[in-house]
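Visitor: Residue numbers (our numbering): 2 to 418.
No lab work stands behind these hints, which were simulated from the structure alone. If you're wondering where the values come from, they're calculated on a predicted model, not measured in any experiment. Careful, some of the hints might be misleading.
[To be verified] With a Cα cut of at most 25 Å, we get these calculated DSS-like pairs of lysine-lysine: (1) K385 / K400; (2) K340 / K397; (3) K357 / K405; (4) K405 / K340; (5) K100 / K73; (6) K198 / K254; (7) K371 / K400; (8) K209 / K199; (9) K328 / K340; (10) K100 / K209; (11) K340 / K385; (12) K309 / K332; (13) K357 / K332; (14) K385 / K108; (15) K161 / K108; (16) K65 / K46; (17) K332 / K400; (18) K65 / K254; (19) K38 / K254; (20) K199 / K161; (21) K385 / K371; (22) K309 / K340; (23) K161 / K38; (24) K325 / K385; (25) K357 / K325; (26) K65 / K38; (27) K108 / K304; (28) K340 / K73; (29) K169 / K199; (30) K357 / K328; (31) K332 / K385; (32) K371 / K65; (33) K73 / K304.
[As the list claims (entries may be wrong)] Okay, the calculated beta carbon distance ranges per label pair: (34) P407 / D173: 36 to 42 Å; (35) V53 / K340: 27 to 33 Å; (36) D81 / A341: 28 to 34 Å; (37) A402 / L326: 22 to 28 Å; (38) E317 / D145: 29 to 35 Å; (39) G144 / K340: 51 to 57 Å; (40) K65 / L326: 43 to 49 Å.
Beta carbons: idealized from backbone N, C-alpha and C, even for Gly.
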Amino acid sequence: MLKSTASTLLRRSNCIANPSSTRAFAATASSDEPLVKTALYSLHKEIGGDMVPFAGYELPVLYKSENGGVMKEHLWCRADGKAAMFDVSHMGQIRWHGKDRAAFLEKIVVGDIAGLEEGSGCLSLVTNEQGGILDDTVITNAGDHIYMVVNGATKFGDMKHFQEQMNKFDGDVTMEYLEDSMQLLAIQGPGAAEAVKKLLPSGFDLTKMAFMTGVETTLDGIDGCRITRCGYTGEDGFEIAMPAENAESVASKLLSDPAVNATGLGARDSLRLEAGLCLYGHDLNETINPVEATLAWTMGGPKGRRRKEGGFLGAEHILKPDGKLQKVSNKRVGIMGMKAPAREGAEIYDAAGENKIGDVTSGTFSPCLKAPIAMGYVETPLSKAGTEISLKIRGKMQKAAITKMPFVESRYYRVPE
Numbered sequence: 002m003l004k005s006t007a008s009t010l011l012r013r014s015n016c017i018a019n020p021s022s023t024r025a026f027a028a029t030a031s032s033d034e035p036l037v038k039t040a041l042y043s044l045h046k047e048i049g050g051d052m053v054p055f056a057g058y059e060l061p062v063l064y065k066s067e068n069g070g071v072m073k074e075h076l077w078c079r080a081d082g083k084a085a086m087f088d089v090s091h092m093g094q095i096r097w098h099g100k101d102r103a104a105f106l107e108k109i110v111v112g113d114i115a116g117l118e119e120g121s122g123c124l125s126l127v128t129n130e131q132g133g134i135l136d137d138t139v140i141t142n143a144g145d146h147i148y149m150v151v152n153g154a155t156k157f158g159d160m161k162h163f164q165e166q167m168n169k170f171d172g173d174v175t176m177e178y179l180e181d182s183m184q185l186l187a188i189q190g191p192g193a194a195e196a197v198k199k200l201l202p203s204g205f206d207l208t209k210m211a212f213m214t215g216v217e218t219t220l221d222g223i224d225g226c227r228i229t230r231c232g233y234t235g236e237d238g239f240e241i242a243m244p245a246e247n248a249e250s251v252a253s254k255l256l257s258d259p260a261v262n263a264t265g266l267g268a269r270d271s272l273r274l275e276a277g278l279c280l281y282g283h284d285l286n287e288t289i290n291p292v293e294a295t296l297a298w299t300m301g302g303p304k305g306r307r308r309k310e311g312g313f314l315g316a317e318h319i320l321k322p323d324g325k326l327q328k329v330s331n332k333r334v335g336i337m338g339m340k341a342p343a344r345e346g347a348e349i350y351d352a353a354g355e356n357k358i359g360d361v362t363s364g365t366f367s368p369c370l371k372a373p374i375a376m377g378y379v380e381t382p383l384s385k386a387g388t389e390i391s392l393k394i395r396g397k398m399q400k401a402a403i404t405k406m407p408f409v410e411s412r413y414y415r416v417p418e
């Protein structure tokens, strides 16, 4: 296992093992705290990155370059043979150790962690005592440890919550936060596999690497790296982790491929919305549960172990004793048909425009569909696809309709049979 002097190791009986890590348990960075620069900051500036504050970091919202700008970057990611490269080093990378690591994680997330085969991963949800969603996370069984990636804006609050739960847990578990010693890049798009293949050792067969699987490997000859086939665009893609001191060389090697385009936060947001994927803090929060968010599938099917056993925080608010889902008054839906984009906070009304039935949580103009799309929550009886609704946009009512998601068909990789 790669050891790093910058990592923070936390045990059930030890609240903080690295006193110099002043940010480690602040839910959010204070307003007067300087923004963190990822290892790619200089490279971003060099290639035209328009840097903005995000989750306590300085990250590019777009690039001022020939293929830059939100629209061009977005369409590049979906184009045949092309790939988009995102700096997602702000996200929190955690390793879980100890013989009871899976048992502990199943108390704080809804997924079947104990059932993950080595190398396999899943999207899961961190819940609170009321069943609300504290974060969404990707968890992978890495063999001698469990690898977890959480959102950058929530990672310190997550770890504070994890520590509180570890203090109540009677078992052997250790949390290792990698801080910024490991950087993270996302390579997304139809050409992602060809681009990443050039960094991998000879003999590494990506055609046999299924979606939501990961493994430790070398990248461009660099030891201590990790590759996971996943992403948040609806396209095939990978997240690759590497030591901070090697991040710029890996990113530069990727960008030397003419099929790879540096892509910022703006296109990342429009791509995930087209894919019908949630952004924490907007489409998900601690008052929304997995059923309302239409993410009950993260607990497995009706006959699955987690549905039957529960055992995670807030399970009694989400599941009935027989494992069936509790009824909810609101559900997350997709929305289309309006003439103008409906932004977050726009009010949703019934078709007559008389009764408010919900609110928009995310909205944009879809570069691929060339039409406005939105996501939001509406009263459950009116959540069926095809239901006509009205949106209040800039003080005026516009006709729209509930629609299924994703808005753009997903193209996640499947291993050939």
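Visitor: Are the hints correct? Go through all of them and say.
Guide: Checked hints:
Distance check on the hinted pair: K385 and K400 sit about 16 Å apart at the alpha-carbon level, within 25 Å; holds. Among the hinted pairs, K340 with K397 is consistent with the structure: their alpha-carbon atoms are about 11 Å apart, no more than 25 Å. Taking the CA atoms of K357 and K405, the gap is about 21 Å. The hint holds against a cut of 25 Å. With a C-alpha separation of about 18 Å, the suggested pairing of K405 with K340 holds against the 25 Å cut-off.
As the CA atoms of K100 and K73 are separated by approximately 48 Å, the hinted pair breaks the 25 Å bound. Between K198 and K254, the direct Cα distance comes to roughly 12 Å. Compliance with the 25 Å bound is thereby established for this hinted pair. Simply put, K371 and K400 have alpha-carbon atoms about 17 Å apart, close enough for the 25 Å limit, and the pair holds. Only pairs whose Cα atoms come within 25 Å are accepted, and K209 paired with K199 is accepted, the gap being roughly 16 Å.
Distance restraint check for K328 and K340: the Cα-Cα separation of roughly 33 Å exceeds the 25 Å cut-off, and the hinted pair is therefore not satisfied. With a CA separation close to 29 Å, the supplied pair K100 and K209 exceeds the 25 Å bound. With a C-alpha separation of about 21 Å, the suggested pairing of K340 with K385 holds against the 25 Å cut-off. Distance check on the hinted pair: K309 and K332 sit about 23 Å apart at the alpha-carbon level, within 25 Å; holds.
Between K357 and K332 the alpha-carbon distance is near 14 Å, which keeps this suggested pair within the 25 Å criterion. The straight-line distance between the Cα atoms of K385 and K108 is roughly 33 Å, outside the 25 Å bound, and the hint therefore fails. Taken as a hint, the K161 and K108 pair is honoured in the structure, with Cα atoms around 15 Å apart against an allowance of 25 Å. For the suggested pair K65 and K46, the alpha carbons sit about 10 Å apart, so the restraint of at most 25 Å is met.
With a C-alpha separation of about 20 Å, the suggested pairing of K332 with K400 holds against the 25 Å cut-off. In summary, the hint linking K65 to K254 is supported, as the alpha carbons are separated by about 20 Å, within the 25 Å threshold. For the hint linking K38 to K254, the alpha-carbon distance of about 20 Å falls within 25 Å, and the restraint holds. For the hint pairing K199 with K161, the CA-to-CA distance comes to about 39 Å; that exceeds 25 Å, so the pair is violated.
For the hint linking K385 to K371, the alpha-carbon distance of about 24 Å falls within 25 Å, and the restraint holds. A distance of roughly 45 Å separates the Cα atoms of K309 and K340; the hinted pair therefore is violated under the 25 Å criterion. Between K161 and K38 the CA atoms are separated by roughly 23 Å; this keeps the pair inside 25 Å, and the hint holds. With a CA separation close to 20 Å, the supplied pair K325 and K385 stays within the 25 Å bound.
The suggested pairing of K357 with K325 is violated, with an alpha-carbon distance near 29 Å, which exceeds 25 Å. For a cut-off of 25 Å, the pair hint linking K65 to K38 stands: about 19 Å separates their Cα positions. With a C-alpha separation of about 19 Å, the suggested pairing of K108 with K304 holds against the 25 Å cut-off. Straight-line distance between C-alpha atoms of K340 and K73 comes to about 22 Å, which keeps the hinted pair within the 25 Å bound.
Between K169 and K199 the CA atoms are separated by roughly 46 Å; this puts the pair beyond 25 Å, and the hint is violated. The hinted pair formed by K357 and K328 meets the criterion: a straight-line CA distance of about 21 Å does not exceed 25 Å. At roughly 10 Å between alpha-carbon atoms, K332 and K385 fall within 25 Å of each other, so this suggested pair holds. With a C-alpha separation of about 22 Å, the suggested pair K371 and K65 falls inside the 25 Å cut-off, and the hint holds.
Under the criterion of a C-alpha separation no larger than 25 Å, the hint pairing K73 with K304 is inconsistent with the structure, at around 44 Å. For the pair P407 and D173, the supplied restraint of 36 to 42 Å holds, since their beta-carbon distance comes to about 41 Å. At roughly 29 Å, the beta carbons of V53 and K340 sit within the given window of 27 to 33 Å. Separated by about 31 Å at the C-beta atoms, D81 and A341 satisfy the suggested range of 28 to 34 Å.
Separated by about 25 Å at the C-beta atoms, A402 and L326 satisfy the suggested range of 22 to 28 Å. For E317 and D145, the Cβ-Cβ distance of about 34 Å falls inside the hinted range of 29 to 35 Å, so the restraint holds. At about 53 Å, the CB distance of G144 to K340 agrees with the hint of 51 to 57 Å. The hinted range of 43 to 49 Å is satisfied by K65 and L326, whose Cβ atoms lie roughly 47 Å apart.
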